[in-house]
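**Q** The chain contents come next:
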Amino acid sequence: MPPRIDHELCTGCGLCDLRCPGDLIHLDESSGLPEVKYPEECWHCGVCRAECPTGAVEIVFPALWTMGS
Amino acid sequence: MEHSSSKIRLVQADILVIGGGVSGLFAAIGAAGGGCRVAVAEKADARRSGDAGAGNDHFTTYLNAGEPWDTFDVFMEWYMRLADGMVNRKAAEANVALLPQTVKLLEEMGVPMRNQKTGTYIRTPTFGQKSSYTINFDGGSMKPLMVKRCEELGIEIVNRVQVAKLLRAGENFAGAVGFDVRSGEPVIFEAGQIVLATGDATRLWQNPSGNPFNTWNSPFNSGTAFRLAFESGAELAHMEFPVLTLTPKGFSAAGLNAILSMGGHLLNALGERYMEKYHPLAEGAPRWMIVDGTHNEIREGRGPCYFDCRHLPPQDMDRLKNHLLPVDKLTYNDFCRQKGVDIAADLVELQLSEMQMGGHTGKLFGIMVNERYETTCAGLFASGVAATPSYALSGACSTGLLAGREAAIRARNRSGIRGLPENAEAIASSVVAPLRRGKGLPWREVEDGIRQVMTDYVGVARTEAGLRTALRSLRRLEQMAEETAATDPHELLRCWETRDLLCTAKLVAYGALQRNESRFGVAHFRGDFPARNDQWRGAFILRSADGRIESRFVRADSF
Numbered sequence: 001m002p003p004r005i006d007h008e009l010c011t012g013c014g015l016c017d018l019r020c021p022g023d024l025i026h027l028d029e030s031s032g033l034p035e036v037k038y039p040e041e042c043w044h045c046g047v048c049r050a051e052c053p054t055g056a057v058e059i060v061f062p063a064l065w066t067m068g069s
Numbered sequence: 001m002e003h004s005s006s007k008i009r010l011v012q013a014d015i016l017v018i019g020g021g022v023s024g025l026f027a028a029i030g031a032a033g034g035g036c037r038v039a040v041a042e043k044a045d046a047r048r049s050g051d052a053g054a055g056n057d058h059f060t061t062y063l064n065a066g067e068p069w070d071t072f073d074v075f076m077e078w079y080m081r082l083a084d085g086m087v088n089r090k091a092a093e094a095n096v097a098l099l100p101q102t103v104k105l106l107e108e109m110g111v112p113m114r115n116q117k118t119g120t121y122i123r124t125p126t127f128g129q130k131s132s133y134t135i136n137f138d139g140g141s142m143k144p145l146m147v148k149r150c151e152e153l154g155i156e157i158v159n160r161v162q163v164a165k166l167l168r169a170g171e172n173f174a175g176a177v178g179f180d181v182r183s184g185e186p187v188i189f190e191a192g193q194i195v196l197a198t199g200d201a202t203r204l205w206q207n208p209s210g211n212p213f214n215t216w217n218s219p220f221n222s223g224t225a226f227r228l229a230f231e232s233g234a235e236l237a238h239m240e241f242p243v244l245t246l247t248p249k250g251f252s253a254a255g256l257n258a259i260l261s262m263g264g265h266l267l268n269a270l271g272e273r274y275m276e277k278y279h280p281l282a283e284g285a286p287r288w289m290i291v292d293g294t295h296n297e298i299r300e301g302r303g304p305c306y307f308d309c310r311h312l313p314p315q316d317m318d319r320l321k322n323h324l325l326p327v328d329k330l331t332y333n334d335f336c337r338q339k340g341v342d343i344a345a346d347l348v349e350l351q352l353s354e355m356q357m358g359g360h361t362g363k364l365f366g367i368m369v370n371e372r373y374e375t376t377c378a379g380l381f382a383s384g385v386a387a388t389p390s391y392a393l394s395g396a397c398s399t400g401l402l403a404g405r406e407a408a409i410r411a412r413n414r415s416g417i418r419g420l421p422e423n424a425e426a427i428a429s430s431v432v433a434p435l436r437r438g439k440g441l442p443w444r445e446v447e448d449g450i451r452q453v454m455t456d457y458v459g460v461a462r463t464e465a466g467l468r469t470a471l472r473s474l475r476r477l478e479q480m481a482e483e484t485a486a487t488d489p490h491e492l493l494r495c496w497e498t499r500d501l502l503c504t505a506k507l508v509a510y511g512a513l514q515r516n517e518s519r520f521g522v523a524h525f526r527g528d529f530p531a532r533n534d535q536w537r538g539a540f541i542l543r544s545a546d547g548r549i550e551s552r553f554v555r556a557d558s559f
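These protein sequence lines are chains A and B, in that order.
The numbers in the first sequence follow the numbering used here, run straight up by one, and end at 69.
The numbers in the second sequence follow the numbering used here, run straight up by one, and end at 559.
This is chain B alone, in the form it adopts within the complex:
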């Protein structure tokens, strides 16, 4: 519902979902099922935004279809092992319980989860699984179908609006303010319950190709939720563990999951299947070990390394080349053609991707949530990559559904408590201030600074001295970010993304400084503490104390 008693556009709802990716839309669907008015704020167009905007081809779940491994219990055991036990088990159980239901929901929307010819699911093992938990499917139309379902449910999707600040009214959340990315006009949202679902933060480290937008998860995901949660006083965990993957040399495209699940191998320059040295499941190892093994091969002078799919039987090659890779990345085959490589006939050179706070199964970082997917601030929920625990596409769906449902329960219990703070319009107007500033730094200068600092000091080899240098440099960049000017609304969007990245960068560097050990291979290698030390098997939980970062440690067994 919108009305125009003031000059500033106002959107009113019971629940505001921030981010219209897969998880945000599932949150909206979960909340609307509870009879609430739901609005989704999306910076682009929800039909094509987020990591799955152009599609996704892998959905990780159990299905209770009869095999002994195909159950909630065995799946939970596998997930907890992958997460090294370092996540809130109750929260994981609450969302994992919803997984088979999300498959049904997707099918009801018209997403072809099954092989159209046989009517069965194509299920394969990947990443540390012996069980075939991964459904291969053609999810190219997933997002448009989800938006259609949202429209049927009366959910208001507000496209092209970037949220910049949350609003409080006393102890309660009152809504948010943002701006239209085309007109630069401020927008106010009034809502008592908020779900943060803005996904990854990707442009934080330098990119092997030199272009920071060449990322394997969407480069337009800037970690807005991490900043909004931190500024609200909510807790975040495991921020010191970024993720990397293997991509074709030059193009940071998703697809490792597809290649390995179809039986592709990883070779070094000597022609050896090097993962056999590092894990009994070879290419079936957890992703962080595959990344670590590859990093080691290159560092020790056995690179470049390659994807080898030449041995795949014709029907598997057809599936990989024509159905999985071009859904994982719509332009995968264009890239191969323009580069002059054929995955069926050639070794395809690979690279270690840029680091990112990106979503995949086994990632640990995120906003801390309880089993209702509520953060440590009442009325503020989080789902998808932004939350921990979560994992990849299926986790985006199940955590979103859960957060939306729980937000709806809270909204019903708090009916009547509403109202914007008096200064809402002043805050909204301040959000577009970089547009009015005549002179100032361009956003790109600050953002390049963040990537330089993160790559130099918070990258694959960390030390206490380097991390302290990083934190000092990031504080300087923070002052510079206050001075950025935007010449148009597009630049205003990037200015706010820069602030998101800056806040996320600080949390990563601070977390890395606390963790005096090394864990998960290149994700967190401390040169001054090169060994794993299980005294630190647990989470450094970060939150704001008057704007400064405060940390506490919780052992894995007392989550």
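Same shape as in the complex, but just chain A:
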């Protein structure tokens, strides 16, 4: 389920929400923290991780994609 956001490290700055090219990450109104709202539309470009100032984003590929040699 890409990407994975560590809410312990996240400061809620919102850069991942702003910069995600697919409009996939939304800050949750109540918690103020980002949620990957549409994980199945992610192309794993890594922009959210590149923009994150606290290293809270980890890119995890679906198992299906990593089959083969």
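Calculated directly from the structure, the hints in this document are not laboratory data.
Values in this document were obtained by computation on a predicted structure and should not be read as measured data.
Do not take every clue at face value.
[Said to hold, decoys possible] Think about it this way: if two alpha-carbon atoms lie no more than 20 Å apart in a straight line, the pair counts; the simulated EDC-like pairs of lysine to aspartate or glutamate are:
hint : chain 1 : residue 1 : chain 2 : residue 2
1    : A       : Lys37     : B       : Asp488
2    : B       : Lys90     : B       : Asp73
3    : A       : Lys37     : B       : Glu491
4    : B       : Lys277    : B       : Asp308
5    : B       : Lys7      : B       : Glu185
6    : B       : Lys130    : B       : Glu77
7    : B       : Lys104    : B       : Glu93
8    : A       : Lys37     : B       : Asp180
9    : B       : Lys439    : B       : Asp488
[Unchecked claim] If the Cβ cut is set under 7 Å, some of the chain B residues that face chain A in the computed set are:
hint : residue
10   : Gly53
11   : Ser209
12   : Phe220
13   : Phe251
14   : Thr331
15   : Glu349
[Said to hold, decoys possible] To spell it out: a stretch of chain A is covered by chain B in this simulated footprint if at least three of its residues, at any positions, have a beta carbon under 8 Å from a beta carbon of chain B; those stretches are:
hint : segment
16   : 6-20
17   : 42-52
Just so you know, even glycine gets a beta-carbon here, dropped at the ideal spot from N, CA and C.
Go by the hints and put chain B onto chain A.
**A** Chain B alone, transformed into the frame defined by chain A:
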């Protein structure tokens, strides 16, 4: 400039650029240089949107640096050969003339085009070149730097707005309407000149991984420009030629260019460098031949096939692994790690990517433009992947710059002619109608239908019967698309992308039906006309006749 005399947000400019990718930003920069007010409509955030949002590592150009091949003339000859002579030569010359200038512009913005240690360009050959036209560079910060330059020039970048319709006032273009992808509120743009720069259309065919968003060019590029151009009556060419590439098995990531330009090989399951059979330059063949050769190896039972980079000297491997691939695709190495392969030590299984209307050097399809990059509709320009001729990153820059400059010249000559049509607000309000529709089909159902039809009938093996079936099915999907409902603004965005894809799909299927021959390998293989027939060396040019597609053929030599 914005004001709020009505409830609907209004953005006014002399020139509206639709799409804030590399080409759109270069168009804006070109137009602003002409002293015009310029607005860019971008559906995401222009700092990170488009095919190069997370970076790009290859820039194809001549530099006039002294070698006999390093000139405009020899470059043009190579490009025309790659395009099989089937593009407008004058238009190609006009943008190719600007290439060295775009390198300078990028360097002025702070993009490190040169090796930081030596101060020289790292130049390599790729794809049908004997000459080293490709600059390898670290373009990870390219987009944020371009946006900074746009801000310095006073260009208004309107992020998070998807454009859905163009506005006309009589014969002239008057602007466009779209909506904010977060609030779902309509937005009106007033502008007399428009540049279409929305890039590829990628989610049209099924994906080998099963996820249609796992594409090698951005999955969020839905071909908006193709639909807007078609609906405006502008002409499009070569739509029957989609592109494919080779990617690591499972992850449709860019990087073929990097691997082959650094000297990587392609092996079949027997351990043979199979491209030697298909082209004298082996892995140096044009991309479509590499795709075709690989397809043939797999079809004839010599797959799976592999990237083999194990022989690269340590410094080349370091460059490929640590500087090129992770810029081509920021997450390339994460993927390799999670899959458990090391490009330095292992054969890396490859796959034929999904088909797409994607940008790379040698692609032919797009909106027809003249040497000013104006479409067949006055006041409507096109650049980058959306236009033909164009090619990859460097073409995105040079065609954008040219289209922007020419749009600015037109804007100055037409000063005083402005004004929105009376029904602009009604059109703007209709654009967000799927949000108000309580019940309706989800966008995904229609979009999955498009991909099923395109894969079944407009994929790697085409026939007249199949293409006619495709066109009938796409017409049905078009009726269904009218019924789609959106539960939130994100779904509204996808609803409009579905319409873009649907229009593009129809143009591809229609073009493929006209072309009674096979050309460019798996890009257009007609089982009922399996041979190349040079009677058809030229373009099928498509346009709308009251909403229906109309086609004419132009021979390559009379472009």
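**Q** Run the structure past the numbered hints and jot down the numbers of the failing ones, going up.
**A** Every hint satisfied by this model.
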